[in-house]
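Below, each chain spelled out in residue letters.
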Amino acid sequence: MAKSQSSALVEPVYSSAIALLIIVVACAELCDAVAVVDVYRLVQYDLAGVPFGSRLAALNHHAASSLFSSSAAAGAAADLSRTVLILPVRDLNLTFIRELLFSVDLCACMFWMIKLIEYLNNPEKLEVLGVKYIEEKKPLGGLLLLLPQVFNPQNIGGKDEAGHAPAVGIKEVLLDLERLLIHANIPYPVYFGFEDDHVNAVLADVKKNDATGQLATATTGGYKLVVAAPEPKKIVSPTVSNIQGWLPGLRADGDSNQLPTIAVVASYDTFGAAPGLSVGSDSNGSGVVALLEIARLFSILYSNPKTRGRYNLLFALTSGGPYNYNGTHKWLHGLDQRLRETIDYSICLNSIGSIRNELYLHVSKPPENAYIKQIFEGFSSVSEELGIKVGLKHKKINISNPRVAWEHEQFSRLRVTAATLSELSVAPDFLESVGGLSDSRNSVDEDSITRSAKLVAESLARHIYGQEGKNIDVFADDSSLSVNPSYIRSWLQFLSITPRVAPFLSKNDPLIMALKKELEDHTADVRVQHEVLDGMFTFYDSTSGRLHIYQVASVTFDLLLLLVLGSYLITLFSFLVITTRGLDDLISLFRRPTSRKVKAV
Amino acid sequence: MTIFHFFNCAILTFGPHAVYYSATPLSEYDTIGTSIKSAVVYLVTALVKLVCLATFLKVSESDSFDPYQELLKALIGFIDVAGLYFALTQLTHRNISQNHKFQAVGLGWAFADSILHRLAPLWVGARGLEFTWDYILQGLEANANLVLSISLAALGSLIWLRKNKPKTLIPIIYACAGIVATMPSITSYLKLALGWHFPKVVGFELFTSLVMAFISWQLFAACQRPSNRE
Chain A
1 MAKSQSSALV EPVYSSAIAL LIIVVACAEL CDAVAVVDVY RLVQYDLAGV PFGSRLAALN
61 HHAASSLFSS SAAAGAAADL SRTVLILPVR DLNLTFIREL LFSVDLCACM FWMIKLIEYL
121 NNPEKLEVLG VKYIEEKKPL GGLLLLLPQV FNPQNIGGKD EAGHAPAVGI KEVLLDLERL
181 LIHANIPYPV YFGFEDDHVN AVLADVKKND ATGQLATATT GGYKLVVAAP EPKKIVSPTV
241 SNIQGWLPGL RADGDSNQLP TIAVVASYDT FGAAPGLSVG SDSNGSGVVA LLEIARLFSI
301 LYSNPKTRGR YNLLFALTSG GPYNYNGTHK WLHGLDQRLR ETIDYSICLN SIGSIRNELY
361 LHVSKPPENA YIKQIFEGFS SVSEELGIKV GLKHKKINIS NPRVAWEHEQ FSRLRVTAAT
421 LSELSVAPDF LESVGGLSDS RNSVDEDSIT RSAKLVAESL ARHIYGQEGK NIDVFADDSS
481 LSVNPSYIRS WLQFLSITPR VAPFLSKNDP LIMALKKELE DHTADVRVQH EVLDGMFTFY
541 DSTSGRLHIY QVASVTFDLL LLLVLGSYLI TLFSFLVITT RGLDDLISLF RRPTSRKVKA
601 V
Chain B
1 MTIFHFFNCA ILTFGPHAVY YSATPLSEYD TIGTSIKSAV VYLVTALVKL VCLATFLKVS
61 ESDSFDPYQE LLKALIGFID VAGLYFALTQ LTHRNISQNH KFQAVGLGWA FADSILHRLA
121 PLWVGARGLE FTWDYILQGL EANANLVLSI SLAALGSLIW LRKNKPKTLI PIIYACAGIV
181 ATMPSITSYL KLALGWHFPK VVGFELFTSL VMAFISWQLF AACQRPSNRE
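Protein sequences, first through last, are from chains A and B.
Going by my numbering, the residue at position 18 of the first sequence is 18; the numbering climbs one at a time, nothing skipped.
Going by my numbering, the residue at position 210 of the second sequence is 210; the numbering climbs one at a time, nothing skipped.
It should be emphasised that the hints constitute simulated quantities derived from the structure, not laboratory data.
Quick reminder that beta carbons are idealized off the backbone N, C-alpha and C, glycines included.
Heads up, some of the hints might be wrong.
Unchecked claim - Looking from chain B toward chain A, a few residues come up when the C-beta cut is under 10 Å (computed):
| no. | residue |
| --- | --- |
| 1 | L53 |
| 2 | A54 |
| 3 | T55 |
| 4 | Q103 |
| 5 | T132 |
Turn these sequences into a full structure, and let the hints steer you where they fit.
See below:
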């Protein structure tokens with residue numbers, strides 16, 4: 001259709017121009033309206049002054065699909081500083097990404113890693129960490145990574161088109177990719193988007209164009225990706241908000257001693273490569289949900305003085321988990337010292353949601369310690385009944401090392417007995433397993449959370465009511481005290497669609513208000529403590545945006561169009577002059593100056 | 001690129017009018033006053049049509065072809081013809097021959113039509129980053145419209161201004177005038193009922209406008225011959 005029109009209009013004189021016009025016309029075909037996609041930016045943060053992540057937000061460049069559009073035209077591939085690469089994560093080659101982000105020299109990679117570990121071990125060597133930026137081998141205009149729809153928090157149900165949970169392979173790729181991106185310093189914008197029909201169509205088109213060896217620039221036309229985002233600004237005084245709820249125990253008349261306290265703690269915030277997508281369903285949404293359910297069950301028991309235990313219960317939802325449990329540290333220091341001294345022991349919940357029948361109790365006191373033995377036996381006996389295996393893991397704390405891998409370590413540093421219940425067998429590294437891209441709704445299993453919640457609640461109840469070792473089921477299924485799966489499901493659903501990166505949560509964020517209200521429903525005295533995050537971390541805003549994809553025609557096309565129109569108007573003019581005034585008039589139009597000269601003479 | 005594209009489409013839409021004026025003897029006889037007057041008459045006619053459409057027409061959500069609505073639209077379209085009649089006969093023109101009068105009126109009519117219907121979309125849309133063929137097609141439509149307007153003006157002047165016409169040609173004249181006057185209804189029928197795409201519709205318009213122009217030219221020449229003989 002387009003071709004017939006162009007051939008009807010174009011003056012046959014310009015034969016080569018026709019050929020070029022037809023080629024250009026064939027390329028710039030009729031298209032749909034502009035596509036608009038929600039995209040999420042890679043995190044941008046400074047760790048003790050060292051910048052990490054993507055340092056720019058605004059994007060306005062042409063799209064390409066690979067670095068090496070055609071090896072013959074490799075010269076043209078050199079200038080990619082004005083191109084945005086669109087890479088689907090499905091087809092990602094990690095060595096390619098590594099090359100993209102870091103210099104090819106693997107030793108330089110190792111050097112950088114060693115420096116980081118050095119810093120973590122010796123905080124006074126901060127000034128030595130004037131690490132030179134790794135020169136990126138290929139400066140780009142931008143990077144757009146396409147994730148499968150399965151990982152989209154808005155995609156409720158968490159299944160892809162075929163109805164399957166995502167393959168393990170792609171989760172591993174995502175984990176590696178995330179690790180790479182978080183620890184790189186990237187001077188161009190990096191965005192995450194989800195595959196959908198529009199974007200896939202655009203990508204297929206871009207691939208087709210790239211295959212012809214023609215890089216999309218202003219002179220050749222193609223697709224342009226635009227994200228209008230303001231320059232990212234530092235977030236001033238990011239707050240961490242700790243929410244605590246208090247269930248007082250039964251104090252017998254005449255008893256002036258303080259009742260002992262048991263604390264149940266879970267950190268609710270996350271960190272990931274894309275703060276707009278860090279929903280952390282397993283790490284630590286599962287912990288939060290279990291904590292709320294335990295609070296609900298105990299509030300039922302404690303509402304009646306006849307069933308109220310002789311222990312106070314303290315429930316805490318802490319923030320700042322990924323940053324060496326900074327929030328927990330501040331919360332503990334904010335607690336009244338006498339209250340802290342009454343804490344018998346504390347159970348921290350961290351990632352208890354995936355489909356595994358094995359949980360670990362991590363402690364920092366040696367396992368021979370009588371108290372630890374007692375707690376562990378309490379857990380084991382309940383876990384046997386539930387069909388879960390619980391193992392005991394011991395990790396000594398190194399006081400001089402600022403790295404805090406488990407939440408219970410913050411308690412242990414203040415001489416409070418504590419343990420962490422987790423499905424992870426080894427301590428996660430810094431900024432790992434804290435709710436990244438692959439940690440979405442489909443990586444959690446409700447039944448596991450139900451079982452884990454029951455495990456903790458039952459163990460605590462048996463300890464509180466002194467029923468250890470006895471064959472009694474406090475929270476029996478099908479009783480009024482059974483663990484409620486729909487409660488767990490609805491809270492898990494809510495948490496799986498809410499990104500929870502602490503610096504981006506304001507003091508009155510709806511999430512914090514919701515958690516506070518829920519604890520108020522179950523416990524007596526709820527307090528929210530707002531603290532400023534450790535100064536070592538600086539975050540920058542602008543975590544999400546809207547990507548506009550335009551199909552642009554080249555300047556060449558418009559020049560050709562101008563040529564065609566010019567010739568058309570000239571033809572029209574000549575035609576009209578000839579038909580209305582005669583051919584002589586047309587010729588006289590051009591001869592007028594010379595005829596005047598003749599007359600003058 | 002985008003302002004450039006706007007410039008190109010503007011040339012395509014409004015250029016032919018300027019070219020027509022300067023190429024034909026219209027510019028020699030300085031008939032710009034007539035054109036401007038007919039443009040004003042067009043604007044008034046458009047306003048009247050708008051009011052009638054708003055009063056009588058139902059807004060239908062679906063994009064289908066409703067015969068009753070289209071009939072109503074066609075009837076209101078005849079207000080166009082009435083406006084053209086007014087412009088041809090009632091306005092006081094300077095001493096211009098009939099030959100040039102209908103051309104000037106047709107030109108002014110078409111120019112006002114293009115400005116009213118095509119300038120705003122062009123300004124708003126062609127300057128964006130996204131490229132579509134729509135504005136080029138719209139420009140072609142404007143060209144077709146110019147030819148159709150001049151043909152209609154020619155036929156109109158034949159009907160109302162020329163008193164002695166050969167008897168045999170009269171029904172043909174009226175038939176052609178009817179076809180040209182109902183062109184909008186025909187195009188909307190093609191678009192909605194038959195589902196033709198925009199490029200196809202524009203092609204059809206161009207073709208019919210050229211055919212109609214040829215026919216009305218022949219009719220005009222035929223009617224001129226008897227008066228020349230006298």
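Hints violated by the structure (listed by number, smallest first):
Per hint list: 1, 2 and 3 violated.
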